[in-house]
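Residue numbers (this note's numbering), protein chains in the order written: chain A, 1 to 149; chain B, 150 to 279.
FYI, nobody ran anything at the bench for these hints, they're computed from the structure. Even for Gly, the Cβ is constructed at its ideal location relative to N, Cα and C. Please note that a few of the clues may not be correct.
As the list claims (entries may be wrong) - Covered by chain B, per the in silico footprint, the following chain A stretches (three or more residues, Cβ under 8 angstroms):
#1 66-78
#2 117-127
Claimed, not checked - Quick list of in silico lysine-lysine cross-link-like pairs, DSS-like style, CA-CA up to 30 angstroms:
#3 A:Lys93 to B:Lys216
#4 B:Lys275 to B:Lys251
#5 B:Lys267 to A:Lys93
Said to hold, decoys possible - Over the 10 angstroms line for every Cβ pair with chain B, so calculated as not near, a few chain A residues:
#6 Val82
#7 Gly84
#8 Ser87
#9 Ser101
#10 Thr102
#11 Ser104
#12 Pro134
#13 Lys136
#14 Val146
#15 Ser147
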Amino acid sequence: MRYIQYTPNTRGVVPGTFFGARYPRADIENQIDWLFGTALTGFAGSARGGQFPVDLYEDKDNTYVRAELPGVSREAIGVEIVDGSLSIQASRKEKSGEGESTVSFNRLVSIPDEVQADKVSATYENGILTVTLPRKEEAKPTKVTVSVN
Amino acid sequence: MSLLNTIIPSLSRADTNGEADHRPVRRPRFEIEETDTAYGVTVLLPGVSKDGLEITDEGGELRVAGKRTTKLPEGLTALHRESSDSDFELVLAHDDAVDAGKIQAELKDGVLHLSLAKAESAKPRKISVS
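Please take these sequences and the hints and turn them into a complete structure.
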């Protein structure tokens with residue numbers, strides 16, 4: 001089974017020697033794309049552990065941290081707030097041949113100071129973890145009535 | 150960038166995936182395993198739900214297309230982005246070595262597992278010598 005990137009003009013990449021004279025141009029292009037595609041995906045990819053892509057959003061009430069963590073079980077996700085940073089840890093079990101290996105991910109994200117650490121919530125859906133960080137309410141002016149005798 | 154485009158053809162090539170849909174697509178991470186009777190394909194599709202997934206098998210090619218569904222409240226400002234909103238597309242050629250009627254797919258937590266039973270003609274055969 002082979003991977004092909006472009007449906008038109010090709011019937012897939014013929015496995016064999018690179019740049020063989022019998023390949024038309026389109027196939028050579030595919031070979032090069034395949035070579036670089038692997039390298040480029042590795043650069044941005046999240047499959048092999050370590051870091052994973054994180055997005056940061058905000059609206060007027062909350063800050064949201066969204067992390068791409070496909071195939072992680074909910075029990076294996078740990079979200080903590082440590083010293084003003086959000087720590088996300090996760091692990092994924094992968095079958096490799098007969099055995100099983102565990103791939104770990106962790107990432108530390110700086111978050112704004114005005115977050116209510118005790119009201120942070122997180123959801124995990126379709127392989128995406130969304131952490132909602134509610135902002136502290138502005139210190140409201142308190143009215144004190146002093147009675148004068 | 151122009152030098153890079155000449156070295157890597159895909160960067161400069163126009164998107165040729167149908168007339169109606171001109172949104173850019175990207176290739177998901179995937180892995181293929183092979184046993185004597187089947188191929189197992191694992192595709193990472195974060196942000197793709199069951200409804201946004203389309204799997205077709207035609208002319209010896211298996212195509213997996215996943216649309217990303219973002220479930221975030223509207224009116225958000227992005228402060229920092231690392232992920233991409235573009236949809237996923239993966240095309241695998243199997244030259245009918247796979248029994249198209251026996252393809253099984255399971256999507257869980259953004260990971261798609263495909264089980265492709267090999268066609269009888271593609272299975273290893275032992276030939277006895279008479």
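Comparing the hints with the structure gives:
{"no.": "1", "hint": "66-78", "in the structure": "holds (count 7)"}
{"no.": "2", "hint": "117-127", "in the structure": "holds (count 4)"}
{"no.": "3", "hint": "A:Lys93 to B:Lys216", "in the structure": "holds, 25 angstroms"}
{"no.": "4", "hint": "B:Lys275 to B:Lys251", "in the structure": "holds, 23 angstroms"}
{"no.": "5", "hint": "B:Lys267 to A:Lys93", "in the structure": "holds, 26 angstroms"}
{"no.": "6", "hint": "Val82", "in the structure": "holds, 19 angstroms"}
{"no.": "7", "hint": "Gly84", "in the structure": "holds, 16 angstroms"}
{"no.": "8", "hint": "Ser87", "in the structure": "holds, 17 angstroms"}
{"no.": "9", "hint": "Ser101", "in the structure": "holds, 13 angstroms"}
{"no.": "10", "hint": "Thr102", "in the structure": "holds, 15 angstroms"}
{"no.": "11", "hint": "Ser104", "in the structure": "holds, 16 angstroms"}
{"no.": "12", "hint": "Pro134", "in the structure": "holds, 13 angstroms"}
{"no.": "13", "hint": "Lys136", "in the structure": "holds, 18 angstroms"}
{"no.": "14", "hint": "Val146", "in the structure": "holds, 43 angstroms"}
{"no.": "15", "hint": "Ser147", "in the structure": "holds, 46 angstroms"}
No hint from the list above goes unmet by this structure.
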